[in-house]
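Using the sequences provided together with the hints, build the complete structure.
2 protein chains.
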Amino acid sequence: MIRTADQLHTFTAQLLQAAGADQRNAQRVAQALVGANLCGVDTHGVWHLPGYVQAIRAGELLPTAWPTILEEGPAYARVAGGWTFGHVGAEVAMELALDKAATSGIALVSLVQAHHIGRLGEYVELAASRNMVGLVWAGGFAEEQPVAMPYGGRRPVLHTNPLAMGFPAGAETPMVLDFATTALSGVKVVEARSQGKQLPPGCIADREGKPTTDPEEFFKGGGHLPFGGHKGYGLMLAAELLGRVFTGSDTFAERPHGGPIFGHTGTAMIAFRADLFQPLTEYASRTDELEQRVRAVPPALGFAEVLVPGDLEARTREVRQREGIPIPDDLWGRLSELASSLGVEVG
Amino acid sequence: MIRTADQLHTFTAQLLQAAGADQRNAQRVAQALVGANLCGVDTHGVWHLPGYVQAIRAGELLPTAWPTILEEGPAYARVAGGWTFGHVGAEVAMELALDKAATSGIALVSLVQAHHIGRLGEYVELAASRNMVGLVWAGGFAEEQPVAMPYGGRRPVLHTNPLAMGFPAGAETPMVLDFATTALSGVKVVEARSQGKQLPPGCIADREGKPTTDPEEFFKGGGHLPFGGHKGYGLMLAAELLGRVFTGSDTFAERPHGGPIFGHTGTAMIAFRADLFQPLTEYASRTDELEQRVRAVPPALGFAEVLVPGDLEARTREVRQREGIPIPDDLWGRLSELASSLGVEVG
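Here the protein sequences come in this chain order: Z and S. Sequential numbering of the first sequence, starting at 1, is according to the working numbering. Sequential numbering of the second sequence, starting at 1, is according to the working numbering.
Think of the hints as simulated: they come from the structure by calculation, not from any bench.
Since copy identity is lost for identical chains, a pair holds within one copy or between any two.
Derived DSS-like pairs (lysine-lysine); straight-line CA-CA distance at most 30 angstroms:
1. LYS188 with LYS220
2. LYS210 with LYS188
3. LYS220 with LYS210
4. LYS220 with LYS197
5. LYS197 with LYS210
Written out as structure tokens, the structure is:
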């Protein structure tokens, strides 16, 4: 099944409105989900719709709420998402950080009381599009269902705690990092299990803390391992400290809002002007030069080329904007069924 | 050979003054080097003295210079290190960031024209000691002698580009991350070669970009690999973008200052108040709780315990403050010889 981005956006927005969202929120979430599908990050796209509708029905997600600013200074603010779709609060928070950074040079905005904020890369891409560097850390997912082991440990107490960094460029693609601090994202373990496949070595551990490639072990008391050993573990803890502890998100937990995963989460965002110390053109041309320098490196055995983080997403976006977004049949079936149950015509 | 921290500090400061440093700079560098030895990071300690003296003699390091502030706003500044010891400029830069963050909530200070700044962890520990979160990225080491391959590439174009993050705590040890974005530090490859040892798998590659454990391959056109695959590679590029490109350090290159490694380097530092969104006691007790939670995890097979980043350094510091700092005989021989050649009495 192929849908154009416009078709998928309209469908998503209609479905969300039928599920109780107001127009403004429905439009924003459709933008975020279809944007993730467009750049190939399908794990953060319309695949989530059934879960969001379920969260609305369970009172975990308030589909007509809107974020509020809890406190602010010239270079910082804390935003409460109001338990609406996390994509709404996270965009408001990053926009606020960008506005403040335009004046102060740098700003920090934190977000609490947010449901799933989706693809972190979207927010640092937004920063980059305004000629700002953007940094995002998210934590607090593990309060009820920890899934990630600390380095050297045998019991999950942490989570996939992601981080993202985005850098504007000139003629080249903005560099965008956006990754889980676990070796794998949660979806990949579920997929491998359902497809009867093994996982790459070093990504999950069994309940003894011993690395394994068998996804079944994950569900028998095992867990994710941090990427990159003790270094990735350190970054996982940093995302927990910045996302949950520093933002004070625990104080804003209000079950059932946020559900089992998002009830305690928080996000810290930093934005600063790329032209803080030199004209933007100079910053941009040096960034382009660095990107060109690494792409010019001949590939190692087993690789086709050297990429800059964000290249794959940019390429996929170009292709899917032209050729449409492929939706697996089983997912389209579930989405169509959901739409029908809500009285939305499936286009 | 065992020396107390005080003995080693006096020796180091005297040696540096004899080599041309003024008292203020000599004291600061002694503090930095002995501080690194105290916490067990011997690769960033007095081992560097012969190299610094050589750099002074070569006109790469100006031992009586002092940093200047090139530009500043309430929440940002750029500092020129004046090509003196990097430890001097980096401390001034972090102190400035902490002062500004105390008022603005968050601040960003960059440093250019600095020789080796030493252990990054020291600067984020300084931030943590003032109840600030500190972030540091350094780049620009590869302009003349690149040693690190990009992910999927077969030619070195980058470097060990380190990053550090420090978080104040309450009763617990502040969490301090401080690591190279290569899998290994440069010193470890040199050591393995001279001792005829193999390296752990996945840390370096030969000139075809194929991972190898043979340190000889590193010196035959091979290079470091990023830690943690494409994620660590992304962080290596981020440190290059923040440390060199964003700070504009290339513009300040003035050979022979900085020598082949430090001539183009720059450092970006961000500091923000840990109590920006809640009373410090609340932030601190939640941080303590997180540290306790991970330390309470039973160890995996092959591990003795679960640690928080910074624990090992804190423990070593305690031991070495009590029992003194062990200096390998060959190193002590070289240092004694250097001291004698400078007319410094070896205590």
